[in-house]
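Asker: With these hints in hand, go ahead and build the complete structure from the sequences.
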Amino acid sequence: MIPTPSPPHPPRVVAVAGPSDAGKTTLVERLVPRLAETGRVGTIKPIHHEIEIDAPGTDTHRHRTAGADAVVGVTPTLTFDIEETGKRDPRSTGAAERAFGIERDHGDRRELEALANALARLERRKFDYVIVEGFAAAPLPTILVGDRSPDAIGGEVVGRGADDLEELLETIRGLEPIQSVRSKSATDGDEPSA
1 MIPTPSPPHP PRVVAVAGPS DAGKTTLVER LVPRLAETGR VGTIKPIHHE IEIDAPGTDT
61 HRHRTAGADA VVGVTPTLTF DIEETGKRDP RSTGAAERAF GIERDHGDRR ELEALANALA
121 RLERRKFDYV IVEGFAAAPL PTILVGDRSP DAIGGEVVGR GADDLEELLE TIRGLEPIQS
181 VRSKSATDGD EPSA
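Okay, so the sequence shown: first residue is 1 according to the numbering used here, each after it adds one.
It is worth saying that the hints were derived from the structure and are not from the lab. Here the structure is a predicted model, which means the values were calculated and not measured. Glycine residues also receive a C-beta, built at the ideal position from the N, C-alpha and C atoms. No false leads were slipped in.
Restraint ranges, calculated between C-beta atoms of paired labels, are given here:
no. : residue 1 : residue 2 : range
1   : D164      : D69       : 42 to 52 Å
2   : R148      : I2        : 44 to 54 Å
3   : D164      : I2        : 43 to 53 Å
4   : V74       : R40       : 17 to 27 Å
5   : P19       : E50       : 19 to 29 Å
6   : T25       : G174      : 20 to 30 Å
7   : R30       : P150      : 16 to 26 Å
8   : V157      : T58       : 34 to 44 Å
Answerer: Given below as structure tokens:
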């Protein structure tokens, strides 16, 4: 039996942005368990260098090298999915434009498009909160860590890394849920091309 799509479940999304070694990951480590007390938490983190998270020679790796665009591995305690984003058409799918309202020639479009698609995936999985570490150009509510200027941030600064943890948690819990690319498309009658 093919599962029917469930209605959108927009999460509350906050970015944690700042320079390297400013304490972003440490703050995320403090926020996640506290938010998990009241809902499901997902995180998104850009990785700026190539890594291999699937061991060469495994069946899932062989599926990928055979040409699968996406592979899902399932163990009794863990599920992972890997999508070959490098194989995508270099032209924009429009995900970032629809999700964030940016122009097609925006300098960070490719990175923001990957973020928009990742947010949509977590929304489909019914996460209540998503913490996005990095992606300073994203027009998301942002907790600014370190000494970066708020002018360098794409979204509204809603807190600072040095703020009281309880205040930051209250701010995150009070954010409006953010509807993803796919949810917006479905409501607008457009089909996403991603």
